[in-house]
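Trainee: In case you want the letters, here they are:
2 protein chains.
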Amino acid sequence: MASYTAPLRDMRFLLNEFVDPERLRALPGCAEIGPDLVDPILDQAATLCSEVLFPINRSGDEEGCTLANGTVSTPAGFKEAWAQFRDGGWPSLACDPEYGGQGIPKSVGLLIEEMICSANMSFGMYPGLSHGAYSALLKHGTDELRATYLEKLVSGEWMGTMCLTEPQCGTDLGLIRTRAIPAEDGSFRITGNKIFISAGEHDLSENILHLVLAKLPDAPPGTRGISLFLVPKFLPTPDGRPGARNGVTCTGLEHKMGIKASATCALAFEDAQGWLVGRPHKGLSAMFTMMNEARLSVGVQGLGLAEVSYQNAVAYARERLQGRALNGSANTDKPADPILVHPDVRRMLLTMRAEIEGCRALAMWVSLEQDIATLHPDAATREAADDLVQLMTPIIKAYLTDVGWEATAMGMQVLGGHGYIRDWGMEQFVRDARIAQIYEGTNGIQALDLVGRKMGAHTGRYLRRFFHPVLAYIEAKSENEPLGEFILPLSKAFGRLQQATAELARRGFSDPFEAGAGASDYLKLFGLTALAYVWTRMAEIALQKPDDDFYRAKLATARFFMARILPRSTGHAAAVMAGGATLRAMEDAMF
Amino acid sequence: MASYTAPLRDMRFLLNEFVDPERLRALPGCAEIGPDLVDPILDQAATLCSEVLFPINRSGDEEGCTLANGTVSTPAGFKEAWAQFRDGGWPSLACDPEYGGQGIPKSVGLLIEEMICSANMSFGMYPGLSHGAYSALLKHGTDELRATYLEKLVSGEWMGTMCLTEPQCGTDLGLIRTRAIPAEDGSFRITGNKIFISAGEHDLSENILHLVLAKLPDAPPGTRGISLFLVPKFLPTPDGRPGARNGVTCTGLEHKMGIKASATCALAFEDAQGWLVGRPHKGLSAMFTMMNEARLSVGVQGLGLAEVSYQNAVAYARERLQGRALNGSANTDKPADPILVHPDVRRMLLTMRAEIEGCRALAMWVSLEQDIATLHPDAATREAADDLVQLMTPIIKAYLTDVGWEATAMGMQVLGGHGYIRDWGMEQFVRDARIAQIYEGTNGIQALDLVGRKMGAHTGRYLRRFFHPVLAYIEAKSENEPLGEFILPLSKAFGRLQQATAELARRGFSDPFEAGAGASDYLKLFGLTALAYVWTRMAEIALQKPDDDFYRAKLATARFFMARILPRSTGHAAAVMAGGATLRAMEDAMF
Chain U
1 MASYTAPLRD MRFLLNEFVD PERLRALPGC AEIGPDLVDP ILDQAATLCS EVLFPINRSG
61 DEEGCTLANG TVSTPAGFKE AWAQFRDGGW PSLACDPEYG GQGIPKSVGL LIEEMICSAN
121 MSFGMYPGLS HGAYSALLKH GTDELRATYL EKLVSGEWMG TMCLTEPQCG TDLGLIRTRA
181 IPAEDGSFRI TGNKIFISAG EHDLSENILH LVLAKLPDAP PGTRGISLFL VPKFLPTPDG
241 RPGARNGVTC TGLEHKMGIK ASATCALAFE DAQGWLVGRP HKGLSAMFTM MNEARLSVGV
301 QGLGLAEVSY QNAVAYARER LQGRALNGSA NTDKPADPIL VHPDVRRMLL TMRAEIEGCR
361 ALAMWVSLEQ DIATLHPDAA TREAADDLVQ LMTPIIKAYL TDVGWEATAM GMQVLGGHGY
421 IRDWGMEQFV RDARIAQIYE GTNGIQALDL VGRKMGAHTG RYLRRFFHPV LAYIEAKSEN
481 EPLGEFILPL SKAFGRLQQA TAELARRGFS DPFEAGAGAS DYLKLFGLTA LAYVWTRMAE
541 IALQKPDDDF YRAKLATARF FMARILPRST GHAAAVMAGG ATLRAMEDAM F
Chain G
1 MASYTAPLRD MRFLLNEFVD PERLRALPGC AEIGPDLVDP ILDQAATLCS EVLFPINRSG
61 DEEGCTLANG TVSTPAGFKE AWAQFRDGGW PSLACDPEYG GQGIPKSVGL LIEEMICSAN
121 MSFGMYPGLS HGAYSALLKH GTDELRATYL EKLVSGEWMG TMCLTEPQCG TDLGLIRTRA
181 IPAEDGSFRI TGNKIFISAG EHDLSENILH LVLAKLPDAP PGTRGISLFL VPKFLPTPDG
241 RPGARNGVTC TGLEHKMGIK ASATCALAFE DAQGWLVGRP HKGLSAMFTM MNEARLSVGV
301 QGLGLAEVSY QNAVAYARER LQGRALNGSA NTDKPADPIL VHPDVRRMLL TMRAEIEGCR
361 ALAMWVSLEQ DIATLHPDAA TREAADDLVQ LMTPIIKAYL TDVGWEATAM GMQVLGGHGY
421 IRDWGMEQFV RDARIAQIYE GTNGIQALDL VGRKMGAHTG RYLRRFFHPV LAYIEAKSEN
481 EPLGEFILPL SKAFGRLQQA TAELARRGFS DPFEAGAGAS DYLKLFGLTA LAYVWTRMAE
541 IALQKPDDDF YRAKLATARF FMARILPRST GHAAAVMAGG ATLRAMEDAM F
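In order, the protein sequences belong to chains U and G.
Numbering of the first sequence is given in UniProt numbering, commencing with residue 1 and proceeding in unit increments.
Numbering of the second sequence is given in UniProt numbering, commencing with residue 1 and proceeding in unit increments.
Where hints are given, some of them may not hold.
Here are some chain U residues pointing at chain G (derived, C-beta under 7 angstroms) [to be verified]:
hint	residue
1	Thr251
2	Glu254
3	His255
Calculated directly from the structure, the hints in this document are not laboratory data.
Idealized CB from N, CA, C, for every residue including glycine.
Here chain U stands alone, though its shape is the one from the complex:
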């Protein structure tokens, strides 16, 4: 009963007005990236998402995947949808033209990822994982591996996975037990058990390329002893077709809260033939070079689900007649007023909207920096951009997926009892959104990454990439009277963030437990402040266009954000400042 329409107007605003489109076009290979090229791509993606992917979202959730005799079947319609997706060239969109890709920058690709997640997050898992495998091979594969496999991944003929987790280890990959034994032909024999492998086995493609973390016989202990291997399900024949079956089998399919149409597999590797990707024992760092990209994408999953939930909550609030407006009805010919008139319903919808549009702007800003970090010819410019991406990645992953969870739950609440009924589709968005807070590093791990790795990196250099431009912006606009209503709350939040940063750095320097104790609240405080910054910048643009509904809505939403959401930052700041003493005082046995 739900529906989805891609928020193209907002996406174009971000691409063409919010970020400086010339910075993107100045990058090598991006000269053509402008509305003429991008608009039709966004339009086509929007149509695909509304007409092909969204219609199989509910049915996919109800049917789920099934495992029989080691073979996984995706729900009805997924094979056909994948064929259409593949034949439309969508897997190749953000890939290297050298291997058949279309070379569309990440900042554009991310908008399309959002649409796909809005329409069908489970479906989106399959190309998402494939793209991760593509990136790993592109960056770390030998010429031979790249020549053999990359075009297949780019075209979508073959698909890929990332095999990290094992029963005894998720976050702590140092505990991996999967072994890789060198063979005489230069390849390796991989043996071990992996769990939670998304797209680990399915019926969408004729071959599946597993990227597997394993330990070599001479591996140092812990995370410094992990290597990365490519293990195809079918060994390729010399002419590039799937040949002999390799020693990897799907031994189980998880039954999950959500993303039920995404096959989450247990895989057993038994003497499977694999090839080393990257250097021996350096598999984890090979994985991490593409982690930023993956974490941004996971953040956008939360954003996408929040968006589709918002759209359907608004539609319901316009149609559902219940109660009368508190200040008198303008609708007396009907038995009741649409619930959109009620202030608490508006509060929920505006909360969703302000978080969604703020998060989309934040993701756009950071993904443009990622394009610059990848493509810019100047090393110092690349470094500056990469610093910001490094800093903001855990914030985007955690903050946006928290928004995905909270906003989808709010969208459900707007529908009341109907939100709890599966047919309406609202509760599926909630269940699907929940995983994004967990995988690709739990949100708690993101917070630790922020305070433990990113905050202190290069004596605060990453931090300065955020603090300096924001401070410069606040100072530059201090005389801008119409913008004052935004600059004031922004600068207050910014001050709280500065204070919390200093305090956490001071305490965390001598005591890592203290850094960890404040990490999650610090990340929230940072995210809220970053949103206040992008909302102020959006408001600045909107203030100049008083006669257009789109910009008036932007301004109204910006004001709502400042008045009703940003104040949460005070509680998070206070929690950071309170320190870790109360976490320590509780003895283990007392829990």
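Given chain U, put chain G in place with the hints provided.
Mentor: For chain G alone, coordinates are given in the frame of chain U:
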């Protein structure tokens, strides 16, 4: 894989130390209510919940209810569990001895309700709805109806429902279309369609008594024209057995996000014979007299699910080895440390614990006042107690169910990827918890009840029942130095609440939209302040028992609450003070 152990130690602390047990024992019929009587009841309830109800919680979720030929089957084991529950006399616990009840006060009964919801919320729905029907009949039924039906409900032989919602109306019951036509024998003929009827049809009992809201032919429009009727599934024979089938059939079973073992039915009434309960057109107020009780119970559902999630999250955090303690490991003989050492895991567990124990104390306080409001011989004492119950009921319903949702989601997060897998049971708690924020009046409706009805009632008399004792307590303890660390944050939060109350009352008086715009944040602020109050009182007790682990854990948790949770009140206060302007500014068409 999950387990449940009733938190008996904490429950006894609340019953025997936190509230004054003499106030309960002084009530008529409660002279025996003390540890000698209550402890064995709590023990038996705990055993029943752990050994009978919890083991069919996961299987009930997977199997769900099924509808065939108008007959609903509950999942495997539910009939047997109900028989054991019934034969153990549990339905009669908090019922009037005149009809076979045991006369146990609500404040004790609520602890057992919590256990049942922890163990199996779906199961708990059946006796919960029955008890609602019992209360309605007890308070508003004619002597004849009471004589015919009450003993059957009390014994659990027959069960009951509450039929309010229709497709076109949930919150706004003025839109009800179900009609009641007077018959010549003094009964009525009921025709209409009801949806979302919990326990509307099932195989647990030989008869089901529906309490149905409907309109008489001469009904005034809106909520002033609704009457309440009793409509049994089978008309009773003169000797009290189920006789002829009445005109009510189950036409559908909802597929829901959670509480899947609770049958949520669509019921069609076609010329069904019914009897008026209470006065004509006064059905809604008859419903509302028992609404307080039902809303406290729904709050406790949230609490119960938070508790069972906490227990299993702690168990996992003790066992799961992953990573090393940030300040050095004490566990170097193992491959990794239990995740309980990690500060962010402790933050999640302590957040759950501080909310749970605070909410349990709050519910205990208010339910004791409810017993006093019902049983006390002195009218002024009853009124004073009822005022507080009226005020706190929407807060308990909404705040505790929000805690149910947030805490179960946090418990799931502690398990990482395993939390998302159905087998572990953690995600079911989340799905089950979600409905409690919606039914029995959405949490937004609770907030409107608080600011719209309760705040201004009798020129603030309800409010004073909270503000006066809390202020008196703060003043009385201002010289209590050891307690100062709690009194200080309590009095700050209390000051914020006073300020927000004054502002909301001032603005809401002239403009109801303004009251509605701040309602949800105000309710949160009120709840946090109330928790700060009960935590301070618990800390005061604990400070006197320095050598006991239970009290040391209480103190540690109280300190955590003040340092890490209570600061959220600043954000909610700021949102209230910001007013409704930003909710109004967004035009309807712009959403």
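Trainee: Tell me if the interface restraint on His255/U is satisfied: Cβ within less than 7 angstroms of some Cβ in chain G.
Mentor: holds (4 angstroms)
Trainee: Does the closest beta carbon of chain G sit nearer than 7 angstroms to the beta carbon of Glu254/U?
Mentor: Result: holds, 5 angstroms to nearest chain G Cβ.
Trainee: Would you settle whether the hint for Thr251/U is holds or violated, based on the nearest Cβ-Cβ distance to chain G being less than 7 angstroms?
Mentor: Where the cut-off is 7 angstroms and the nearest Cβ of chain G is about 15 angstroms from Thr251/U, the hint is violated.
Violated hints amount to a single one, hint 1; each of the other numbered hints is respected by the structure.
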